[in-house]
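*Asks:* Using the sequences plus the hints, can you model the full thing?
There are 2 protein chains.
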Amino acid sequence: MQKTNRTEITTLGEFGLIKHLTETIQLKNSSTRYGVGDDCAVLQYPGDKQILVTNDLLMEGIHFDLTYVPLKHLGYKAAMVNLSDIYAMNGTPRQMVVSLALGKRFCVEDIEELYAGLRMACDAHGVDIVGGDTTPSLTGLAISITCIGEADKEQVTYRNGAKETDLICVSGDLGAAYMGLQLLEREKAVFEQQLRENRRTKRMDSEEELRLAQPDFSGKEYLLERQLKPEARRDIIEALAAAQIRPTSMIDISDGLSSELMHICTQSGVGCRIYEEHLPLDYQTAAMAEELNMNVTTCALNGGEDYELLFTVPIGDHEKISQIKDVKLIGHITKPELGCALITRDGNEFELKAQGWNPLKD
Amino acid sequence: MQKTNRTEITTLGEFGLIKHLTETIQLKNSSTRYGVGDDCAVLQYPGDKQILVTNDLLMEGIHFDLTYVPLKHLGYKAAMVNLSDIYAMNGTPRQMVVSLALGKRFCVEDIEELYAGLRMACDAHGVDIVGGDTTPSLTGLAISITCIGEADKEQVTYRNGAKETDLICVSGDLGAAYMGLQLLEREKAVFEQQLRENRRTKRMDSEEELRLAQPDFSGKEYLLERQLKPEARRDIIEALAAAQIRPTSMIDISDGLSSELMHICTQSGVGCRIYEEHLPLDYQTAAMAEELNMNVTTCALNGGEDYELLFTVPIGDHEKISQIKDVKLIGHITKPELGCALITRDGNEFELKAQGWNPLKD
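Order-wise, the sequence lines are chains A and B.
For the first sequence, the numbering used here assigns the number 3 to the initial residue and increments by one for each residue that follows.
For the second sequence, the numbering used here assigns the number 3 to the initial residue and increments by one for each residue that follows.
Each hint can be trusted.
One copy or any two copies: either way a pair holds, since identical chains are not told apart in the list.
Simulated crosslink set (DSSO-like; lysine-lysine; CA at most 27 Å straight-line):
| # | residue 1 | residue 2 |
| --- | --- | --- |
| 1 | 155 | 30 |
| 2 | 231 | 74 |
| 3 | 21 | 355 |
| 4 | 106 | 190 |
| 5 | 337 | 21 |
| 6 | 21 | 74 |
By construction, these hints were calculated from the structure, which means they are not laboratory data.
These numbers were taken from a predicted model, which means no experiment stands behind them.
*Replies:* The following block contains the structure:
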């Protein structure tokens, strides 16, 4: 985070900083009646709309590592994570409230970067930032985002509506964000090791050190993009609506396919069978898994942060769903007695486990 | 935080912990359609209602110190801070989304305590907890609360509606929460000093140490209560409605009277005069200020966390407002050219400054 310009936050103060960050915001949605600047934001929705509310709290060192995540990307991703939750209910996001807790090492330019990412994501998805709060932090950066959206009552899609014989669908491909994280973590470790070595032997000047800090990621760009710049799948929600498909259940994949599928099955009181051969994988994910000597199926099942949509549709929609670009059928819902099973390429059956990304277990 | 029972959070996992904390929640409001357990909470409000949304992010070491704040009180206060923002818009709070980031030192019983406080506050104010998320933290505890409320459009009260000749009113009394904080900080310092001394000289056994940790706060109970268990002023909102008084502007006092009054004046484009002799003070606040050799007026103007309501009413409401219990007239709104002034007891005039509680400046 070396900067040529560094304006201390104290020069603006808390209220000055919020004003500076939010004063150019133009409100876009008719449901937004009053944005930043009072005790609350004020919204108004038609009485026949259901209102969706989600909040995510992202903590430095747990959800992001600023040694390799640029602040603009972080802002973008923090917004996407929340937008994804609205889409996972089959809704349209409209408003966002952003609270930041900042350690002393951050300057105004840092927060401008973070906000630039947030605003880029919000602009792309037609969302108004209606509240912004900043507060100090004794330690790392904390980002709390509340996202509000709307949906017609009959369109809201819960986790608990999957029915026997429904088809299980997933958008995009799986495991790439996790592979991107492995890649960044590996390069960070290599860099730190070389830096220690260099400081001991004093072999390099600082220019050489800087070059060292910029590893060659060619051929792995997709993995990095999936980790650093995920995209919430509005396109899938729109494609489903256009095809007049109403999913019976839906969730976004933040903790890994296996964990999310088990949420659907548990809450719907059903079982499932998914097929290893149908799991959507990108070539770069497979290549990276091989390079790291990891099982790519395990990565697809348990790697988090894909922000793809996992959903079920009635079997009668088979024809319609197979025509939607970037959606794959990976299995089907069963009676609850049959449990949650993965059928491997060689025909073996394994019970799915929610080993998903659960840092509380670390 | 010594406990006889200590259940590690890892034994429940993230999802297990949320379920454990939220499964007995009974939803009370018709606007709550779906609570904890999916990607979003689902709400539905009549189309003629305006929806109020606020979020606060509370960080350990900045907003609270767990050496003297019991977790149950912390949960209660965290809820009240947010409820107060809804009342400050002249609204009724209905839903709350709670996200917690927990360091490894917290056990399930700790979070039960925190939740007990949250739920006590929500029950008292008829609010549904509709979303709960927990996440790890590498460092301290972080609490993010989003509160959602409603109001009729013509009742919503902003900061920007104060008019020349309006009367300035404040509920309750001022400065006591700040005095409570000073008291707790002082006792903490004394305790730590004595503990260091004792460990050096080994004069006390651990039973004596424990007695030392329980200072005598008699005669100062009100100050502690104001700091540890603030009450959001629903009663004032109800009294104003019953008296058919619609404030022209309103804000809650979280950063100190002076700072909040300047928000109203800046946003309304007006000036103000308030009178030292009319500032509402409790006897204990005055006594404590004297004990600490502080100016009590400064404490009333700049001490934060009172969570009282500051509002303006048309001069024609003078008669009605003076009959409302626990509301004091402290001054009046003026032309903007006159600035924001405090008239002292001896008739001198000072310009108000927003020295308010702004930890970003520390």
